[in-house]
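Chains as they are written, first to last, in the working numbering: chain A, 1 to 285; chain B, 1 to 341; chain C, 1 to 314.
Source of the hints: derived by calculation from the structure; they are not laboratory data.
Among the hints, a few may not be true.
Unchecked claim - The calculated lysine-lysine pairs, modelled on DSSO-like cross-linking and capped at a C-alpha distance of 27 angstroms, are:
(1) B:K72 with B:K29
(2) B:K144 with B:K123
(3) B:K84 with B:K57
(4) C:K123 with B:K57
(5) C:K123 with B:K78
(6) B:K80 with B:K123
(7) C:K222 with B:K84
(8) C:K123 with B:K80
(9) B:K144 with B:K106
(10) B:K72 with B:K84
(11) B:K123 with B:K143
(12) C:K222 with B:K72
(13) C:K222 with B:K78
(14) B:K57 with C:K222
(15) B:K80 with C:K222
(16) C:K123 with B:K84
(17) B:K298 with B:K8
(18) B:K123 with C:K222
(19) C:K222 with C:K123
(20) B:K29 with B:K201
(21) B:K106 with C:K222
Fair warning: this is a prediction, and the values are worked out from it, not measured in the lab.
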Amino acid sequence: MLSRKRNLIPFVFLILLFVATITAEWWLPVSPSVMDSGLRLMAPSSENWFGTDHFGRDLFGQTIVAARVSLLVGFTVALLSTVLGTITGLLAGYYKRLDSIIMRIIDGMLAFPSLLLALALVAALGGSVTNIIIALTFSFWPVITRVVRSSVLQVKTIQYVEAAKTSGVKDPVILARYILPNILSPIIVQGTFIFARSILAEAALSFLGVGVEPSIPTWGNMLQESQIYITLAPWFSIFPGIFIVMTVLALNLLGDGLRDAFDPYAKGKKKARKRLFKQKKQYAS
Amino acid sequence: MLEINNLKAYIDTPDGIVKAVDGVSFSIKAGETIGIVGESGSGKSVLAHSLMQLNPKPPVFYPQGEILFEGKNLLQLKEKELRKIRGNEIAMVYQDPMSSLNPVLKIGDQLMEAILTHNPMTKSEARQRAIELLTDVGIPDPKKRLNAYPHQFSGGMRQRVLIAIALACNPKVLIADEPTTALDVTIQAQILELMKRIQEKYGTAIIIISHDLGVIAQMAEKVLVMYSGRIVEKGNVEEIFYQTAMPYTWSLLRSLPRIDSEAHERLLSIEGQPPNLMNPPSGCNFHPRCPFATEQCKLVDPELTERSADHAAACILSEAEFEEAKKRIETKDQERGQGHD
Amino acid sequence: MLHYTLRRLVAIIPVLFIVSIIVFMIIHLTPGNPAFLILGEDSSPEAVEQLEQQLGLDKPKVVQYVDWVGNIVTGDLGASIYSEQPVSEIIGERIGATFSLMVVAMLITLLIAIPTAIFIVWKRNTVMDPLFLSGSLLGTSIPEFWLALLLVLGLGVAIPIFPVAGYVPISEGIGDWLHHLLLPGLVLAFVEIGLIARMLRDSMLESLNQDYTKTARGKGVKESTVLVRHVLANALIPTTTVIGLTVAGLLGGTVIAETIFTIPGIGQLLIDSIHRRDYPVIQGVVLFIACVYVLVNLIVDLLYAFLDPRIRYD
Numbered sequence: 001m002l003s004r005k006r007n008l009i010p011f012v013f014l015i016l017l018f019v020a021t022i023t024a025e026w027w028l029p030v031s032p033s034v035m036d037s038g039l040r041l042m043a044p045s046s047e048n049w050f051g052t053d054h055f056g057r058d059l060f061g062q063t064i065v066a067a068r069v070s071l072l073v074g075f076t077v078a079l080l081s082t083v084l085g086t087i088t089g090l091l092a093g094y095y096k097r098l099d100s101i102i103m104r105i106i107d108g109m110l111a112f113p114s115l116l117l118a119l120a121l122v123a124a125l126g127g128s129v130t131n132i133i134i135a136l137t138f139s140f141w142p143v144i145t146r147v148v149r150s151s152v153l154q155v156k157t158i159q160y161v162e163a164a165k166t167s168g169v170k171d172p173v174i175l176a177r178y179i180l181p182n183i184l185s186p187i188i189v190q191g192t193f194i195f196a197r198s199i200l201a202e203a204a205l206s207f208l209g210v211g212v213e214p215s216i217p218t219w220g221n222m223l224q225e226s227q228i229y230i231t232l233a234p235w236f237s238i239f240p241g242i243f244i245v246m247t248v249l250a251l252n253l254l255g256d257g258l259r260d261a262f263d264p265y266a267k268g269k270k271k272a273r274k275r276l277f278k279q280k281k282q283y284a285s
Numbered sequence: 001m002l003e004i005n006n007l008k009a010y011i012d013t014p015d016g017i018v019k020a021v022d023g024v025s026f027s028i029k030a031g032e033t034i035g036i037v038g039e040s041g042s043g044k045s046v047l048a049h050s051l052m053q054l055n056p057k058p059p060v061f062y063p064q065g066e067i068l069f070e071g072k073n074l075l076q077l078k079e080k081e082l083r084k085i086r087g088n089e090i091a092m093v094y095q096d097p098m099s100s101l102n103p104v105l106k107i108g109d110q111l112m113e114a115i116l117t118h119n120p121m122t123k124s125e126a127r128q129r130a131i132e133l134l135t136d137v138g139i140p141d142p143k144k145r146l147n148a149y150p151h152q153f154s155g156g157m158r159q160r161v162l163i164a165i166a167l168a169c170n171p172k173v174l175i176a177d178e179p180t181t182a183l184d185v186t187i188q189a190q191i192l193e194l195m196k197r198i199q200e201k202y203g204t205a206i207i208i209i210s211h212d213l214g215v216i217a218q219m220a221e222k223v224l225v226m227y228s229g230r231i232v233e234k235g236n237v238e239e240i241f242y243q244t245a246m247p248y249t250w251s252l253l254r255s256l257p258r259i260d261s262e263a264h265e266r267l268l269s270i271e272g273q274p275p276n277l278m279n280p281p282s283g284c285n286f287h288p289r290c291p292f293a294t295e296q297c298k299l300v301d302p303e304l305t306e307r308s309a310d311h312a313a314a315c316i317l318s319e320a321e322f323e324e325a326k327k328r329i330e331t332k333d334q335e336r337g338q339g340h341d
Numbered sequence: 001m002l003h004y005t006l007r008r009l010v011a012i013i014p015v016l017f018i019v020s021i022i023v024f025m026i027i028h029l030t031p032g033n034p035a036f037l038i039l040g041e042d043s044s045p046e047a048v049e050q051l052e053q054q055l056g057l058d059k060p061k062v063v064q065y066v067d068w069v070g071n072i073v074t075g076d077l078g079a080s081i082y083s084e085q086p087v088s089e090i091i092g093e094r095i096g097a098t099f100s101l102m103v104v105a106m107l108i109t110l111l112i113a114i115p116t117a118i119f120i121v122w123k124r125n126t127v128m129d130p131l132f133l134s135g136s137l138l139g140t141s142i143p144e145f146w147l148a149l150l151l152v153l154g155l156g157v158a159i160p161i162f163p164v165a166g167y168v169p170i171s172e173g174i175g176d177w178l179h180h181l182l183l184p185g186l187v188l189a190f191v192e193i194g195l196i197a198r199m200l201r202d203s204m205l206e207s208l209n210q211d212y213t214k215t216a217r218g219k220g221v222k223e224s225t226v227l228v229r230h231v232l233a234n235a236l237i238p239t240t241t242v243i244g245l246t247v248a249g250l251l252g253g254t255v256i257a258e259t260i261f262t263i264p265g266i267g268q269l270l271i272d273s274i275h276r277r278d279y280p281v282i283q284g285v286v287l288f289i290a291c292v293y294v295l296v297n298l299i300v301d302l303l304y305a306f307l308d309p310r311i312r313y314d
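Make the full structure from the sequences, and use the hints.
What follows is the structure, encoded as structure tokens:
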């Protein structure tokens with residue numbers, strides 16, 4: 001029950017943010033694209049809640065609108081990595097012959113710190129929303145492959161999978177109907193964490209000036225622009241950052257909560273309970 | 001020397017309170033050996049750990065009773081004073097030698113730690129003492145073995161090391177919690193032999209805890225039979241074995257494999273499960289599994305009553321009633337056994 | 001142990017092969033003619049042709065790859081298009097700053113994470129533990145570069161106790177060196193502290209439930225000795241594996257920290273080179289970092305085996 005409530009708060013936050021950002025044009029009191037040279041770098045006020053930037057644009061509106069690309073990149077990367085990682089992980093875990101080839105490639109890809117691999121790819125492809133998505137997907141899907149593969153290896157030996165195999169069920173059917181449903185939970189959990197990490201990575205790349213085109217508002221781009229005004233207008237840097245932290249934290253909490261919900265012996269309260277139970281058994285003898 | 005009065009040790013679990021030890025009293029003198037016997041789940045391990053105050057708190061707590069060691073109540077001592085007793089005056093040998101030694105520390109370091117904690121010595125003196133101890137417990141080439149790691153030892157050897165650790169400060173009381181359960185039969189005998197020898201040499205009082213009546217018979221002079229956190233029968237070994245006065249003890253004895261009996265005799269295990277300590281049955285705790293249970297047993301919770309000078313049992317059956325009931329069951333068994341052949 | 005070492009050494013060969021292919025592809029993934037891209041829109045066909053020859057872009061891909069790997073093996077990473085200086089030389093000049101930063105960050109991480117974990121395990125039955133868990137989750141949710149901005153604002157501008165930019169080599173005084181690296185080091189360490197402390201806490205709690213902990217308590221040893229000598233000693237072994245991951249995090253983060261605090265290390269070099277489209281340098285730096293990472297993981301694995309007597313003596 002508690003874990004449900006714990007999942008609800010970050011989930012509601014993410015939904016609200018999503019709705020707020022796609023409907024921003026309809027409800028924002030001050031348009032984020034209107035420049036006003038008389039209002040440059042103004043501190044937060046009742047008019048401009050988060051203050052204004054160096055062009056006099058409203059920062060609250062910008063922060064809300066910037067969520068679009070950040071969420072888009074994060075979600076797409078999470079989705080693509082999950083799909084690619086699941087396919088490769090299933091193949092590696094199920095077919096012994098493919099295993100060594102796939103895992104060598106995965107190990108090679110994991111030999112790069114993930115931000116570095118993304119940087120290298122962006123260097124090659126050039127910065128754009130699509131390229132960032134490609135670069136980050138490439139950096140993150142090996143993580144899913146590993147998780148899926150080890151889950152498949154566990155599930156594969158369960159009796160009913162063996163039984164299906166001997167009774168002549170075709171491999172694709174076994175993979176899709178017998179194995180996949182059993183390993184969905186770690187995939188969803190990891191996918192949530194990758195969503196969070198992609199938002200951080202996109203922001204970092206944009207901040208470094210090698211990410212999304214500077215003309216597109218993202219939290220990373222806002223922070224990149226704010227950098228030189230840090231002493232003059234600290235609010236310019238603070239608010240977009242807070243939004244990144246809240247969004248990423250919400251996703252991390254959701255991932256943690258989902259893990260607990262899927263795993264009866266998971267962390268937190270339940271783990272303590274299990275530990276207590278173990279002690280009880282140990283000492284009651 | 002060690003006196004336990006009406007000790008209660010409860011475990012606070014999320015599902016409720018487990019009365020692991022529920023009003024246990026006994027005492028032990030120097031050089032004496034007491035055996036505590038019972039199935040797993042009878043609370044004997046919690047009892048053993050209580051005597052050292054080694055139960056994790058929480059979840060274990062002690063609502064009542066006292067553990068008097070040389071006049072001091074261990075339940076009221078501060079952690080610092082307890083530490084002076086632990087390993088020094090009262091020491092313990094544990095159930096699982098395979099996991100009871102720290103895998104990343106050398107045997108010598110673990111042994112010397114026990115020595116140096118309570119004795120103001122130099123390292124080389126402690127080293128000397130460690131070699132003596134290892135020799136004492138029968139470890140060959142002790143000087144070299146000090147530098148070995150636990151995984152390089154067999155189970156029996158590790159138990160010897162653990163005994164050496166327990167003996168490091170010449171404790172007055174040695175608690176052995178299922179010391180041979182994890183070992184092979186031949187090694188078992190060696191370890192028990194070792195403990196006896198050490199007792200003779202140092203006059204240590206030993207409390208040996210086991211589910212195995214064979215071990216108890218070999219080691220102890222006095223026996224306490226534990227069931228669901230309570231002592232249900234206590235007395236000298238002979239009284240427990242030959243003048244059994246409690247059906248539970250009798251069932252335990254019947255479940256012993258007998259070397260002198262004919263090979264095809266069935267092993268009789270006690271039917272049913274030990275009671276749920278969170279929600280014990282009404283009346284006598286043993287009645288759901290007791291072959292002699294009457295309607296009366298569901299209502300009355302029998303006290304531990306004296307049968308003779310040192311012998312006491314918690315059962316409402318009188319001696320005569322018990323004898324008669326025993327005979328009834330034994331003849332029935334024999335008939336069944338014959339039919340089986 | 002020798003057998004294990006050999007096995008681990010052999011296992012990195014395919015990894016290095018994949019790494020080299022990925023790094024090689026950086027230049028060939030660029031849309032259009034790389035030479036044209038490097039020289040700019042208004043370059044003459046002759047110049048493009050010359051650069052193509054210089055980079056070997058006119059040959060078949062397989063030949064290019066073999067040549068390239070051959071050069072790397074002999075230590076030749078090519079030359080910068082921008083400064084025409086050999087890449088290995090540029091990396092050599094820059095590595096000191098990056099290495100210094102990583103060492104400082106690693107020290108900060110361990111100096112904070114280990115005592116924190118011990119403290120949390122010591123206070124495990126209090127509110128400190130859930131507080132710590134929430135804290136470490138929050139810690140992993142904060143972008144490093146944003147934290148860096150806040151620290152610059154707080155400790156560099158508002159209360160100016162740390163320099164906000166620049167780097168002083170250790171040869172010019174260890175105090176000055178450290179003074180310049182503390183703030184960026186703290187930024188780098190921040191995320192890792194949470195991760196390592198969390199890992200260590202988990203494995204200490206696991207170790208706390210083991211029988212040998214009970215044996216130690218039964219000796220009458222002080223609780224602090226139990227926690228450090230017995231519990232921590234066992235918990236640190238599995239935690240060493242995480243140090244490999246930490247190095248990865250630090251290597252990624254160093255790009256950000258060096259850029260913000262203008263430290264002339266290889267991270268800053270990488271970003272500058274990306275902006276300049278100086279592909280040989282990009283390839284050199286990426287390859288170098290990946291190799292360092294592979295090497296660190298190898299060392300960590302061997303260290304793990306060495307620390308655990310059960311493996312060491314097998």
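Hint-by-hint comparison with the structure:
1. B:K72 with B:K29: Holds, at about 15 angstroms.
2. B:K144 with B:K123: Status holds; Cα separation ~16 angstroms.
3. B:K84 with B:K57: Holds, at roughly 19 angstroms.
4. C:K123 with B:K57: Holds, at roughly 13 angstroms.
5. C:K123 with B:K78: 18 angstroms, holds
6. B:K80 with B:K123: 23 angstroms, holds
7. C:K222 with B:K84: Status holds; Cα separation ~10 angstroms.
8. C:K123 with B:K80: 18 angstroms, holds
9. B:K144 with B:K106: 11 angstroms, holds
10. B:K72 with B:K84: Holds, at about 12 angstroms.
11. B:K123 with B:K143: 14 angstroms, holds
12. C:K222 with B:K72: 21 angstroms, holds
13. C:K222 with B:K78: 13 angstroms, holds
14. B:K57 with C:K222: 16 angstroms, holds
15. B:K80 with C:K222: With Cα atoms ~8 angstroms apart, K80 (chain B) and K222 (chain C) stay inside 27 angstroms; holds.
16. C:K123 with B:K84: 23 angstroms, holds
17. B:K298 with B:K8: Measuring from Cα to Cα gives roughly 23 angstroms; hence the hint holds.
18. B:K123 with C:K222: 18 angstroms, holds
19. C:K222 with C:K123: 15 angstroms, holds
20. B:K29 with B:K201: 16 angstroms, holds
21. B:K106 with C:K222: This hinted pair holds, its Cα atoms lying about 19 angstroms apart.
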